[in-house]
Structure formats: C-alpha cells, structure tokens
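Engineer: What follows is each chain in one-letter form.
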Amino acid sequence: MGGDVSKPASSGGTAIKLDAVRDFRFQGYIGSSLVGVDIGSNAKEVEISNTEFVSTSKQAIIVRSGSKGGVNISNNTFEDVGSLKNNTYDVILAEAGASNFRIDGNTFKSSLANKPRYLINIASGASNNYVVAFNNFANYAAGDIQDSAGGAGRYIFGNVPTPSMGNIIGAAQPGTNFNGGVGFNNGVVFRSGIAAGTGLQHVRSSTGAIGPKASVPVTVKWQVAFPDSSYTVTCSVAGGAGQANANGLRIHHIESVSPASVVVRVVNDHPEFPKLGSLYCIGIHDQ
Amino acid sequence: MKQKDPEIGVFMRKNSIYLALAVIIVLAAWWYTEQSKIDVDYSRSGAAIVPTPTNVLDTAFIGAFNNTRYVNGYKYPQDDSGIEAAISDLGGVPGAVVLPCGVYDIKNEIVVNSLGVSLIGFGHCTRLNIVTAGDAFIVDDSRFLLSDMEITISASSDRAGSVLKISGDQGTVRNVRIAGRGGIKNGKAFTLDGPGANNWTFSDVNFPGGAKWQYLFLLKSTSGTIASTHLTDIRVSNTNTYSGGAGLILDTGVDTVTCVSCEGLTVLAQNSAGG
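Here the protein sequences come in this chain order: A and B. To convert, note that position 250 of the first sequence is 250 in the numbering used here; the numbers rise steadily by one, no gaps. To convert, note that position 6 of the second sequence is 6 in the numbering used here; the numbers rise steadily by one, no gaps.
For reference, chain A alone in the conformation it holds in the complex (with noise of 0.2 Å):
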C-alpha cells in the first residue's frame, strides 16, 4: 500500500503522505502517481480540495484507520484511478475504524478500460461521524459507495445520479440514506407516498368474518419484516370497500408481535350478525 514519496510520481511514489500534521490545505494537480493523498492516523484537520487527480494507479486518497478527523475531501476530480489492475483498487478508500470525515462535491470519470473497484469504499468497522454527499458518479456503469462501516452518525445522501446506478451497495440500501438521526427544525412535507421500511411501514388486512358476540386472533403480516420485535404498533378497525357491515367491530388487545407481524384480538359486539372489517396498522421501529 502506498508508495515512497521522494519518487518521482511518474516512477510510482505517493504524491503526498501524511503521517501527522495538524491544519493542511492542498488545493491543486495531483498526477501520474501510484497513490494520491495517504492521510495517515496522527494527521488532524486535513482538507484536500478543488485538486485534480489525474492516472493514478492505485487509490487516489486514503484515510487510514485510526485517523484523527476533520478530513474534508471536496470538490476534486478524479480522472482514471485504480488503473493497475481492473476492479481492485478504490478511489477513496476509509480504513476500518477511520471516523469524522466528509465526501462531498466530487467528481468521478474513467476512459479506461481498468476501474476502480469502488468509488468510494467506507470499509468494514466502527467508523463514526461521516458524510458523503453530493458527490456526481454519471460517467460510470455502476453505481459505487460501498458503506459498510457500523458506527453511528453516518450519512449518505444527494450523490447522483441516484437510485439507478444503486448508488449504495453494501450494507445500506439505494437512494438517498441518513443513516443517523435527522432533525427537521421547520416541518416536512411530503409529496409523495412512504414506501415500507425496516424503519417504518404501514399495512392494510382483513379481519375476515367475525361471528356475532366472537372475538378472533387476526395476524397482520408486514410487507417488508423488521430486524427484531422492537417497535411500536398501533392499529385501527373500520370498513372498507365492500366492508359496510364493520360496525360493531373493535379491538381488543394486541396479542403478540413478530419481527414479521402482528396479532390483533378483534371482537365483533353486534348480537346477531357476523362483520367483516380491514385492520390498519402502522409500526415503527425502535432503532
């Protein structure tokens, strides 16, 4: 990994590697070497920006484990890196457990037959406090961030062009993912529906014919299963299209929940006729 630095970076050198510093800017060309930018563990306060990277054989930056923080890397262009070997090397590359970084604004093109393996790879581990944002992948066949870090305050999102190229493999899901807690200080709207999440869904099911003076388990299966059984449900019974007969149906209790549903004891009060009725239910999930 890396290269000698007092190489020239035509020969195969690291163009700029930092062990420790504190505060450095770097705005400019980077070109023809084996490695960009090594940002090593003691370096603190780093900001590689507006440069452009141009045939670089292997990673254009690294951020080591371990780093320190305030790595911004911004605005730059990347221009056919990871050319010594097709489908090896990544373009940015976060170690394991490196953490308080940002991704933001830049831009990714190849000519080359060689690409990268991924554009960007946050690696396996508890990287913590990163953003990768808005960042353009349009001159690639697929799609690239490879987010597989577990830490907390994670965010991926507004990187185009997005959901098509699957603009997140790994671990997280394609489209636009906060992965971490989001405040919203001035409302939401939304303009259009909420598609069912591990996080949050919504499902609509009948009763089926509850008997006059009866009262039945109903199981509501979600559409998409939670990862456990740690969420909240809260459910409703009326009458839908062909369903006029709800009257005189209520819940009683919530009997059990799995990650993959819900049961609803529901009692039919009319004396002599049976009901038939839709369950509504909303779960959201703890985490």
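None of the hints are false.
Taking lysine to any residue pairs in the SDA-like style, the calculated list, with each CA pair at most 25 Å apart, reads: (1) B:Lys212 <-> A:Asp19; (2) A:Lys85 <-> A:Ser57; (3) A:Lys44 <-> B:Gly196; (4) A:Lys68 <-> B:Ser223; (5) B:Lys220 <-> A:Arg25; (6) A:Lys44 <-> B:Thr225; (7) B:Lys220 <-> B:Asn199; (8) A:Lys44 <-> B:His230; (9) B:Lys212 <-> B:Ile184; (10) A:Lys44 <-> A:Ser148; (11) A:Lys85 <-> A:Val54; (12) A:Lys68 <-> B:Gly253; (13) A:Lys68 <-> B:Thr256; (14) A:Lys109 <-> B:Ser261; (15) B:Lys220 <-> B:Gly194; (16) B:Lys220 <-> A:Ala20; (17) B:Lys212 <-> A:Tyr29; (18) A:Lys44 <-> B:Pro195; (19) B:Lys107 <-> B:Val131; (20) A:Lys44 <-> B:Gly224; (21) A:Lys44 <-> B:Thr232; (22) A:Lys44 <-> B:Ser228; (23) A:Lys68 <-> B:Ser228; (24) B:Lys185 <-> B:Val131; (25) A:Lys44 <-> B:Thr256.
Worth flagging that the hints you see were computed from the coordinates, not collected in a lab.
We have chain A already, so just place chain B on it with the hints.
Structural biologist: Then chain B, alone, in the frame of chain A:
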C-alpha cells in the same frame, strides 16, 4: 582699407536669427544625447566596466532616497560580496537591494539579519548562480523579500546547503525559478528551521525537472510550532527526486499549511522528533 562686402552684411542681418536657432538646436541635441547615457546599462557586469554616468545609481545621493541599493557591478560587485555589502549599507533599517539583469555568483553565504530587507531582481535576466556547497542565504530577521529572479545551482559537486535557511518570520518569496543541476545532489531549497520561521509566503515558485534534491521545502521545529505557511502557485516537475522523502516535508511542530494551485509537489508530513 578693406571694404565690407555689402552683400554679406545684408545676408548676416537677414539670417542671424536662423543661425542662432541652428546653434541652439545643435546644443540641445548634444545635451539630450549626454543625458540619455545616465541610464541603466544592463549589458555590463564585472570589473572591466569603465565608470560612466550610470554610476549615479550607486551613489550615496540615490541611496539617500528610499533606502535602495543597486547592485550593478560598480560600487557593488555582482556577486555575494556585492549583495552582502549592499544589504549592509541599508543600515539595519528596511530597504531594497535591487539586482538588475546579470549573473551573480554566490560563493559564500549571505546573512540577512536586519528587518525588512527586500532583494529584488528584474525577472529571468537576473540570475543567482549558487556555487557554494553551504547555505546561500541565511535569513535571521523578519519580513525578508526575495522576488523576481532565476536561481541556478551551479556547484561543481554535491552540495548540502539551502538556498534560503530561514529562522526569521513573515517573509515572502515570489516569482522565482529555481533550477537544480543535473548529475549532482542539489541540497535544499528552503529550510524553515525552528519556531521563529512563522508566517512565510511562497508564491509563483517554479522548480524545473531532472534534478536531485534533498527537499524543496522543510518545515521543522522541535520546540514550539511553525505556524501559517502559505504556498501558492508552486510548480514542480515530477522528474525531480528527493532523498529527504518529498518535495515538501512537514516534520514536527508544524501548524497550518496551505498549498493552493500546487502542481507536482510531493508532500510528506511526519513527526520524527515526537514533538
């Protein structure tokens, strides 16, 4: 008795005003030609030059204005001794030493130990030939300026010294091209040595290729920090090599470095002294 030719007398009377004007024009032309010589003769350098009115810029009369010294080969030889003498003549107060077009051999180190010395060339035609294997300039005081010149390593064998060894603060190097020599070790370009070398700016500095250097820039302080170093428009050929590890070495006690529009400058940041 010889009689006056009446026709000549008539002629003189009629044309005396034109003759007077002709004399005045001839005198004015002569005066203008002589005044034009009081100008800078860029073609001359070395000891073989015969003093002419160009010497006027070396005189104490000019030096008294604006505290500027002009190293043109008369009062101040165009070499390290002349530059050092000119700096000394600034009298320990801020001033400028102007290096007009010419070749200046630097065989011995030049110490700058007074405030606000500006060493200003005329661009590519001002060339410092670094012959010494040691340091060329030692800058011990604040607000030194080195600008607008070509610096060429001309040592005949490997050298270890710096072009500038710096311990003073708030200096500037701008519009300088520094060419190493092929086939030898060219030593160091800029050494910022110790916590006093704060707040330096290097802008528009060009290092052409094919040279072996120890490094181009070293910032190192084992006690205290070197803060706020700004590099702008640094162009380095990627055919240079560095025995010290990189073109720019940030080693121990370095705080806040910006490198903007930097092309081909390799960087190594480390903490070798554990500071």
